[in-house]
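Undergrad: Protein chains in written order, with this note's numbering: chain E, 1 to 96; chain U, 1 to 96.
Do not take every clue at face value.
One copy or two, it doesn't matter: identical chains are merged, so the pair holds either way.
[As the list claims (entries may be wrong)] No farther apart than 20 Å at their CA atoms in a straight line, the calculated lysine to aspartate or glutamate pairs in the EDC-like style are these:
1. Lys60 <-> Asp86
2. Lys60 <-> Asp3
3. Lys93 <-> Glu83
4. Lys93 <-> Glu24
5. Lys93 <-> Asp65
6. Lys60 <-> Glu83
7. Lys52 <-> Glu89
8. Lys90 <-> Glu24
9. Lys33 <-> Glu83
10. Lys90 <-> Glu11
11. Lys20 <-> Asp3
12. Lys60 <-> Glu11
13. Lys90 <-> Asp65
14. Lys76 <-> Asp86
15. Lys90 <-> Asp40
16. Lys33 <-> Asp3
17. Lys48 <-> Asp65
18. Lys34 <-> Glu75
Everything labelled a hint here was simulated from the structure, so no lab data went into it.
Protein chains: 2
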Amino acid sequence: MTDSLNRVIHERARLGIMTKLMAEGESGFTALKKSLSLSDGNLNAHLKVLMKNEYILMRKEFVADKPRTTYRISEKGRLAFGEYIDSLEKFLKSVS
Amino acid sequence: MTDSLNRVIHERARLGIMTKLMAEGESGFTALKKSLSLSDGNLNAHLKVLMKNEYILMRKEFVADKPRTTYRISEKGRLAFGEYIDSLEKFLKSVS
């Protein structure tokens, strides 16, 4: 019934991260944090899960000697997100 | 973005429990366990969260001297489930 919902993406904070990155292409740590109202530790933990699953990619670069970290969806993440949305649509059809 | 998704119901196993109880009216522990492929401990923990939030009700009765426990959705749970489904539909519209 809900088995087909990818549990990595279904978790609410991670769904928020994936949705934001899908919409905006890429985002920095602070922007994600503000947008999702998460603590540093919480956001970090969810980003790690998404990176471990290769759904998002992290880039570190230096802008005027200051480090800047940005995150974006990988191709694998884009596919997984699409499949998750399909599963969610099927679930909604089944309950309505 | 995903803030409006009720976190008590959104969790995948609890969403499965709520959906099954919405569809079937009531269900016993073993039927829920089989249907959702959860361990006893895991199912118990999720049922407790749903009971604490007063989304489901537990009934214990004796059938031929054997205890039987059944669970069903409360009125509060029915309303919360409906709101959750509405939020999910809005979320899906926003990403598609």
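Undergrad: Taking the earlier hints as the rules, which of them does this structure contradict?
TA: 1, 2, 5, 6, 7, 9, 12, 13, 15, 17, 18
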